[in-house]
Amino acid sequence: MGKVMKYTRRAFLVGAAAVAGGVAFGYYQVQKPHANPLLKDKGDGDAVFNPWVKIDRDGITLITPHSDVGQGAASMQAALIAEELDVEFGQFKTDFGAPSPAYYNTALAAEGAPFMSTDESFTAETMRTVMGGVIKLMGMQVTGGSSSVPDSIDKLRTAGAVARETLKLAASRRTGISVGRLTTKAAAVVLPDGTALSYTDLALDAADLEPVNDVQLRKPSQWRLIGKNMKRLDVVAKSTGTQVYGIDLEIPGMVHATVMLNPRQGGELIGFDASSAKQMRGVRSILPVTGGVAVVADNTWRAIQAARAIEFDWGPAPYPAEMGGHWNILGDSFTEERLDSEWRNDGDVDANVRGAPKVAEYRAPYVAHAPLEPLSAVVKIDDGSAEIWVATQMPRFVQNNVALIAGLEPEQVTVHNQFAGGSFGHRLEDEHVKRAAEIAKVMKGVPVKLTYSREEDFAHDFPRQIAMARMKGAVKDGRVETYDLEIASPSAAESQLSRQPIDMPASADKQLAAGAWNLPYAIPNFRMRAYRALGLAPTSSWRSVGASTNGFFADGFLDELIHEAGADPLEERIRLANDDIARKVLEAVGEMSNWGSDLGSDRGRGVSFVSSFGVPVAEVVEVTNSDSGIRIDRVFVAADVGRVVDPVMFDNMVKGGVVWGLGHAMNCEITYSDGKAEQENFWDHEGMRFNQCPEIFVRGLENSAKIRGIGEPPVPPAAPALANAIFAATGTRLREMPFNKFVDFA
Amino acid sequence: MKLKVDGAVREVDVEPDMPLLWVLRDELDIKGVKYGCGVAACGACTVHIDGVAVRSCQTLAEDVGEAEVTTIHGLGTPDAMHAVQEAWIKHQVAQCGYCQSGQIMQAASLLAENPAPSDEEISEAMSGNLCRCGTFPRIREAIKYASQTMKGA
Chain A
3 MGKVMKYTRR AFLVGAAAVA GGVAFGYYQV QKPHANPLLK DKGDGDAVFN
53 PWVKIDRDGI TLITPHSDVG QGAASMQAAL IAEELDVEFG QFKTDFGAPS
103 PAYYNTALAA EGAPFMSTDE SFTAETMRTV MGGVIKLMGM QVTGGSSSVP
153 DSIDKLRTAG AVARETLKLA ASRRTGISVG RLTTKAAAVV LPDGTALSYT
203 DLALDAADLE PVNDVQLRKP SQWRLIGKNM KRLDVVAKST GTQVYGIDLE
253 IPGMVHATVM LNPRQGGELI GFDASSAKQM RGVRSILPVT GGVAVVADNT
303 WRAIQAARAI EFDWGPAPYP AEMGGHWNIL GDSFTEERLD SEWRNDGDVD
353 ANVRGAPKVA EYRAPYVAHA PLEPLSAVVK IDDGSAEIWV ATQMPRFVQN
403 NVALIAGLEP EQVTVHNQFA GGSFGHRLED EHVKRAAEIA KVMKGVPVKL
453 TYSREEDFAH DFPRQIAMAR MKGAVKDGRV ETYDLEIASP SAAESQLSRQ
503 PIDMPASADK QLAAGAWNLP YAIPNFRMRA YRALGLAPTS SWRSVGASTN
553 GFFADGFLDE LIHEAGADPL EERIRLANDD IARKVLEAVG EMSNWGSDLG
603 SDRGRGVSFV SSFGVPVAEV VEVTNSDSGI RIDRVFVAAD VGRVVDPVMF
653 DNMVKGGVVW GLGHAMNCEI TYSDGKAEQE NFWDHEGMRF NQCPEIFVRG
703 LENSAKIRGI GEPPVPPAAP ALANAIFAAT GTRLREMPFN KFVDFA
Chain B
886 MKLKVDGAVR EVDVEPDMPL LWVLRDELDI KGVKYGCGVA ACGACTVHID
936 GVAVRSCQTL AEDVGEAEVT TIHGLGTPDA MHAVQEAWIK HQVAQCGYCQ
986 SGQIMQAASL LAENPAPSDE EISEAMSGNL CRCGTFPRIR EAIKYASQTM
1036 KGA
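The listed protein sequences correspond, in order, to chains A and B.
The working numbering numbers the first residue of the first sequence as 3 and each following residue consecutively.
The working numbering numbers the first residue of the second sequence as 886 and each following residue consecutively.
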């Protein structure tokens, strides 16, 4: 039944248009075999022509609309187009393109539908398609949710194939040789006698043709790029200091600005005294912006020094000033009124937790994103137009918000998306771009580069959600019988959208339960409920979002129940697994880690399994309880993404995700006192350092039918695997992150 | 004041206490040197002063004096790379890449002083350089590879 709503070949329609000196192959339309008001092609997408492939006399440009925040999205997207277009690395350049509803993200919305990722039922597929339609209507061009690969894999290959076939048609018209006798190779159409007609030479001819949309995508066995290491396009620039990031931009006539905003996030600026700051060298102007003050100077350091010399009177925070108040809100949120959704209710939990069940409470703190490149943006506002240079995951939001501030229409605002020095969700937010626009509006015609100091970046991060879990469970005859899991947390998506001029659909937020409700285990009695806490500090999506906290809760307590049952942690998880793909991931990590072998004294290993963004991941962590504290020795990871698009990038993302997950679980939290984040810089929010990094062994499995992204899924299992390993080595059960509140790390 | 940067003498008009980082980035437009924390907690701003890795965010302009400042651009260029940069490419270390200029400068300084560092010596030398993307395993491989290639050179 699932097939009914699947894309047909008609779904892939790629327009074409003449551009100066060449041709551009344009956006991809979704059409459905059945009329559906939600899915009907709306005019807004059609009105804008945005290409994926541009060919003119100067060369070939592949447009890669998913932002590159370090995950290699630009290279990956280019490779998908190049796979079908038959161009080689080095024969094209890439460009992030202009913001457009044509680049809406279908995969992210599909993941929001409330079905197990393995569920291919009619209802599940329909809901995913409808959610995709909603995202399309909203025109959300989003990079996030590990969706760049699933969103791109068919669209971009199709765009490449359409361009290739149209260029072949152009060659056929020019030479009189039938299309069937033409081949393509290395950016050229090759005639039967071996003569090569370059794409750039054929571009003008192709511009006059209706694009050939009836294309057949190549089979995986014919792929020459996908599945092999492509050596990403930015590797030389990033090894020689020549990669330009948003913070590095120099626009002629540019001034340097910084801001000091109320550290009680969202609180007002009551007053300030900038009399001494004004006198400082290089300061051009000091002006109020929303929630604080901006300093404009001729050098970033001078702007930051002057900003620090201003005295402020800040208003109170719109959330509890101290952490006790935050935890109280969470503790009080396990109510019928705050119930966001009951995600799972198998068997009869209530009947089976009577008597003396095992109970626990788990906690996870706010955590900062803190990518190494601090927030920055360049904005220039003129009469009737504006330009923005910024690394963003939400180019259309940025465009709309600057238009609102400048009093312009969105199409009068040009966005030049930039390579980002990390993000982890940080650049889904655009408050810094709004502040830059407020300054630029006052300084008409002057490009204003706003750079946050690291301290301001920490103070104004919208951190990962704080969360609390309460669980009850029971075991019987050496087996886990009953698991009642309740989680309370704020909705990061609700907080994010509250800063945008759009309304969030009133529905349950799947991220409140992500990584917890979808345990692929046949536990006879299993219930999972998510509660939405209100009135907490503003939050935002953080690498792996809900699963980053929920995975720790769900798997950590499962490990407790397994120990209570006296069962083996890995064997019991495998026994409980009711999904072949998940079971194979667990079996793989068991084999990789030689599970069950003797580790010697003072050592322990823990296993965990969490599925997020459709990717099941199992991890085994080995630790030593040394004289100087817990040392993480080795980590083994098995993950199933259906198809590994690039083995080196896959390996990099998995190892990075493990380091991210372990490092923050070890030593990171954002705590509020007097309404202000107490952590200011990397010395008190450190993450993992080089000397603490374990050996990490990675295996990508390809059993899943759907092709998935790997940016986030390795993160959630890291914390519970570490907690479970520390329990095995020391007997100390960790139920709250960061773990360095309870144990020392070497 | 005059500064010797990447083999050239540069004249700058800055406060004596302006950190070298900002002299390089905003006054001399040398953008391969990165701002990450401003408090010597991340290592993104690492340059060499007379061949030794230092944090340019904690080095005041007036303290540089006659010393030779080498940035990532002076270490090597895309057309003429240093062995450590070649190793970084061979091992495809970079993800976002923002910390890598500092990592490479730190590693080059380590290898200049100790051509065959042990795992522990590598850990000790590199633990002041943060990488939020978590490229540490590949950095270690690349340093070992560079140690080999430099020995053969």
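Just to be clear, a hint being listed does not mean it is correct.
[To be verified] With a Cα cut of at most 30 Å, we get these calculated DSS-like pairs of lysine-lysine:
{"#": "1", "chain 1": "A", "residue 1": "233", "chain 2": "B", "residue 2": "887"}
{"#": "2", "chain 1": "A", "residue 1": "187", "chain 2": "A", "residue 2": "230"}
{"#": "3", "chain 1": "A", "residue 1": "360", "chain 2": "A", "residue 2": "743"}
{"#": "4", "chain 1": "A", "residue 1": "221", "chain 2": "A", "residue 2": "95"}
{"#": "5", "chain 1": "A", "residue 1": "233", "chain 2": "A", "residue 2": "221"}
{"#": "6", "chain 1": "A", "residue 1": "280", "chain 2": "A", "residue 2": "446"}
{"#": "7", "chain 1": "A", "residue 1": "233", "chain 2": "A", "residue 2": "95"}
{"#": "8", "chain 1": "B", "residue 1": "1036", "chain 2": "A", "residue 2": "233"}
{"#": "9", "chain 1": "A", "residue 1": "586", "chain 2": "A", "residue 2": "221"}
{"#": "10", "chain 1": "A", "residue 1": "586", "chain 2": "A", "residue 2": "708"}
{"#": "11", "chain 1": "B", "residue 1": "1029", "chain 2": "B", "residue 2": "975"}
{"#": "12", "chain 1": "A", "residue 1": "678", "chain 2": "A", "residue 2": "280"}
{"#": "13", "chain 1": "B", "residue 1": "889", "chain 2": "A", "residue 2": "230"}
{"#": "14", "chain 1": "A", "residue 1": "230", "chain 2": "A", "residue 2": "95"}
{"#": "15", "chain 1": "A", "residue 1": "280", "chain 2": "B", "residue 2": "887"}
{"#": "16", "chain 1": "A", "residue 1": "443", "chain 2": "A", "residue 2": "280"}
{"#": "17", "chain 1": "B", "residue 1": "975", "chain 2": "A", "residue 2": "187"}
{"#": "18", "chain 1": "A", "residue 1": "743", "chain 2": "A", "residue 2": "230"}
{"#": "19", "chain 1": "A", "residue 1": "586", "chain 2": "A", "residue 2": "230"}
{"#": "20", "chain 1": "B", "residue 1": "1036", "chain 2": "A", "residue 2": "360"}
{"#": "21", "chain 1": "A", "residue 1": "95", "chain 2": "B", "residue 2": "975"}
{"#": "22", "chain 1": "A", "residue 1": "230", "chain 2": "B", "residue 2": "1029"}
{"#": "23", "chain 1": "A", "residue 1": "221", "chain 2": "A", "residue 2": "708"}
{"#": "24", "chain 1": "A", "residue 1": "95", "chain 2": "A", "residue 2": "187"}
Honestly, the hints are just simulated from the structure, not real lab data.
For clarity, every value in this text was computed on a predicted model and none was experimentally measured.
Hints versus structure:
Distance hint between residue 233(A) and residue 887(B) is unfulfilled; the C-alpha atoms sit about 41 Å from each other, more than 30 Å. About 18 Å separates the Cα atoms of residue 187(A) and residue 230(A), which keeps this hinted pair within 30 Å; it holds. Taking the CA atoms of residue 360(A) and residue 743(A), the gap is near 24 Å; set against the 30 Å cutoff, the hint holds. At roughly 26 Å between alpha-carbon atoms, residue 221(A) and residue 95(A) fall within 30 Å of each other, so this suggested pair holds.
Annotation: proposed proximity of residue 233(A) to residue 221(A) holds, straight-line Cα distance about 22 Å (limit 30 Å). Distance restraint check for residue 280(A) and residue 446(A): the Cα-Cα separation of roughly 21 Å lies within the 30 Å cut-off, and the hinted pair is therefore satisfied. For the hint pairing residue 233(A) with residue 95(A), the CA-to-CA distance comes to about 15 Å; that is within 30 Å, so the pair holds. With a C-alpha separation of about 26 Å, the suggested pairing of residue 1036(B) with residue 233(A) holds against the 30 Å cut-off.
Between residue 586(A) and residue 221(A) the CA atoms are separated by roughly 25 Å; this keeps the pair inside 30 Å, and the hint holds. Note on residue 586(A) and residue 708(A): the hinted pairing holds, with a Cα-Cα distance of about 16 Å set against a maximum of 30 Å. Between residue 1029(B) and residue 975(B) the CA atoms are separated by roughly 12 Å; this keeps the pair inside 30 Å, and the hint holds. Pair hint residue 678(A) plus residue 280(A) holds up; C-alpha atoms about 26 Å apart against a cutoff of 30 Å.
The straight-line distance between the Cα atoms of residue 889(B) and residue 230(A) is roughly 45 Å, outside the 30 Å bound, and the hint therefore fails. Taken as a hint, the residue 230(A) and residue 95(A) pair is honoured in the structure, with Cα atoms around 20 Å apart against an allowance of 30 Å. The straight-line distance between the Cα atoms of residue 280(A) and residue 887(B) is roughly 28 Å, inside the 30 Å bound, and the hint therefore holds. Restraint check for residue 443(A) and residue 280(A): satisfied, since their Cα atoms lie roughly 20 Å apart, inside the 30 Å limit.
Between the alpha carbons of residue 975(B) and residue 187(A) the distance comes to roughly 27 Å, so the proposed pair stays at or under 30 Å and holds. Annotation: proposed proximity of residue 743(A) to residue 230(A) is violated, straight-line Cα distance about 43 Å (limit 30 Å). About 23 Å separates the Cα atoms of residue 586(A) and residue 230(A), which keeps this hinted pair within 30 Å; it holds. For the proposed pair residue 1036(B) and residue 360(A), the alpha carbon gap of about 60 Å is over 30 Å, so the pair is violated.
Only pairs whose Cα atoms come within 30 Å are accepted, and residue 95(A) paired with residue 975(B) is accepted, the gap being roughly 22 Å. Of the pairs offered as hints, the one joining residue 230(A) and residue 1029(B) holds, with about 25 Å between alpha carbons and a cut-off of 30 Å not exceeded. For the given pair, residue 221(A) sits about 15 Å from residue 708(A) by alpha-carbon distance, which is consistent with the 30 Å threshold. Pair hint residue 95(A) plus residue 187(A) holds up; C-alpha atoms about 17 Å apart against a cutoff of 30 Å.
Of the numbered hints stated above, those contradicted by the structure are hints 1, 13, 18, 20, listed in ascending order.
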